[in-house]
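Engineer: With these hints in hand, go ahead and build the complete structure from the sequences.
Quick note, the sequences are listed as chains A and B, same order. So in our numbering, the last spot in the first sequence is 507, and the numbers never skip. So in our numbering, the last spot in the second sequence is 258, and the numbers never skip.
For the record, the hints were derived by calculation from the structure and aren't laboratory data. What you were told as hints is all true, and nothing was included just to trick you.
Just the calculated beta-carbon pair ranges, DEER-fashion:
1) A:Ala37 <-> B:Gly154: 50 to 56 Å
2) A:Pro388 <-> B:Arg45: 50 to 56 Å
3) B:Pro194 <-> A:Leu337: 47 to 53 Å
4) B:Leu9 <-> A:Phe33: 57 to 63 Å
5) A:Pro123 <-> B:Asp36: 53 to 59 Å
Even for Gly, the Cβ is constructed at its ideal location relative to N, Cα and C.
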Amino acid sequence: MATVDAACFRPGETVRVQDAPSVEISEFRQAVFDAVAVGQSLAALFGRPIDAARVRLYAVLADRENGLLSLLTSEVGDCYPALTPDCPQAHWFEREIAEQWGVTPEGHPWLKPIRFHASYRPPHDAWSRAVGETILPGVTDFFRVEGPEIHEVAVGPVHAGVIEPGHFRFQCYGEQVLHLEISLGYQHRGVERALVGGPNARTIHYIETLAGDTSIGHATAYCQALEALANCQPPLAAEAIRGMALELERLACHTGDLGALAGDVGFLPTASFNGRLRGDFLNATALVCGSRFGRGLVRPGGVSFGLDAARAQTLAERIETALGEVDGSNRLLWNSLSVQARFENTGRVSRKTCDALGLVGPAARACGTNRDVRRDFPHGIFCFHQIPVSVCETGDVFARAYVRGLEIQRSGAFLLEQLKMLGDGPLRAPLGPLAPDCIAVSLVEGWRGEICHVAITDAGGRLAHYKVVDPSFHNWIGLAMSLREQQISDFPLCNKSFNLSYCGHDL
Amino acid sequence: MLSIIAERLRQKHRTSTYPLTAPEVPDRFRGLPKLDASKCDDGCRACAEACPTGAIVASEGRLQFDLGKCLFCVDCSQACPSGAVEYTTDYRLAVRNREDLLLEGQGLELARALEDRTRRLFGRSLKLRQVSAGGCNACEADVNVLTTLVFDLGRFGIDFVASPRHADGLLITGPVTENMKRALELTYEAVPAPKIVIALGACAISGGPYIGHALANNGADSVVPVDLYVPGCPPHPWTILDGLLRLLGRLEIVGQAF
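Structural biologist: The structure is reproduced here in structure tokens:
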């Protein structure tokens, strides 16, 4: 077991920068391995420069059983022994650290850029690229299979549908996919660096658009981080509205996803009905705050829009009707043998792979992994109201669809109950200044899974560093694994069953 | 089979009667801003200072909004102490020229139709290739929703196609990130002439929240010529549909009614 004393805290509490333990890299690695071995997960692993020569690595470990976080740091130079060979959960994080800070994780089995941008710490570069050298996205060595009947299929960045860009490289033997590699970075806008020096007028808008279909999820995570740093408690009515908005976001996206999955197997009834119903849930969010994506609603200290009795009643009626209709629509999916024949056993990810890679959200719950931030690290209204966690065991497209169907029902029930109980009261508490030289970690169960924000302030209480971990950051590898030994024609189905964010990953 | 038919009857017919009737937008929807510089307090620049993208010029009794930079957020109207800045629920925002988005209390010069030849080619059948050049997926989602049954884009002859070779034009979202610039150029070149380009959303018009970012290019017209600008963050599906139909000259008569 680790002998090192990591800083132990809960989301909502802060750690002073000076209290963040700094240990030798060997102890750092061992502490991470030991924690993951007993079932903890790596919520974040990132780097932050100390000076021209050294970078500080930060690991945030999440003990879901006890609702505790632990924080550990280590100083490294240009390289360090990689964690990935012993802890696959670290793999994508280490690639990010290498790309951002030019620190090489030695022994990393897959060291390639993830976003294709220049090092933030020139002239240090993990691939020895010269300063000012043009970096082309997707231009890298792809894992290739050689053989007379092997062919390679390249898709993207521009894809056939109305969707964000990414590159997919399949190694195929006939129709069967031997391996899929996903290369992203096309949507990279430079959000994390733009947050440094804030909060300012643009900050909340970066947060709301870094993954534009998860505005509520990320805005909640950001506001919780600031509220922890300012020791500010939002009023209960605001927490209830935040929770409702988060669940409405989940309802809209899950409804849309089931419709898209139906469309992909040619089952038009559910595809058509859910297309409309998704709009109904988005319009419910717009009824609260004027924006279908919940923009402008969640703000530090609380929320910007309230619900009087009449509006709450209208909202409840609309949601109740939509829930009944989406239930009827989804039932057609579960009862249709032709749909189930396509969904079942397609794109299977084993429980073992899921846990080794640290998948999150419905994709993880569909493999049988019982994890949900609303229960494990309850925040806001979820401290008072538990939504049952939806789990399925088979890890295939069916499971990922069925978990969504269950979550629609359970989030719907939560919403209707909250709307009955909504009280009056202030909507926003004043935020106040942020504590200087402090670290806050915020976790939210976005509709794709665990969102993690880590905010570090400087001596003046401004943001010195901001780490965003979108759930897609964990899950893209899950999609890649799900394609192994599948038919390439099932790729759209597997892709939609994950429905990951390109921009949430690319930032 | 019977259960599917039963469900279809239960779900009812939902396609909107727009453009014969006005569409419904939520009461808190932030559409065209209403500006009244006469209400401004002396020397007050609260709205301009609150604006995240620098869309507002407030000086010497003038109040000018650049709707191409506007995120339609609440910051300016919340900051204004005198009610000089208010959002209406007017969803009609699409224009042909970038300068037409500079609002100073006058009405918005809404998009007029394409010139004759292009209109005859595309008026009844417009196939678009969508390119997300750094979009956050909200614009993309509200474009996708246009193909669902409430809006039913297909009934206007407008559709999204899988290849630029099959397309009449591009629908661009996102600020045009460095990593998508070349892909956008190649996609544009692959569309056979004559072609049109639509810039959808604040990012595609001006860069939106990403104005001035080193790794983004402040919108689509830095790379390709643009025929239609649709403001919003994201634009409401009705705003997009209104813009598309105006571009094709489908709303010229009906548009006056509401």
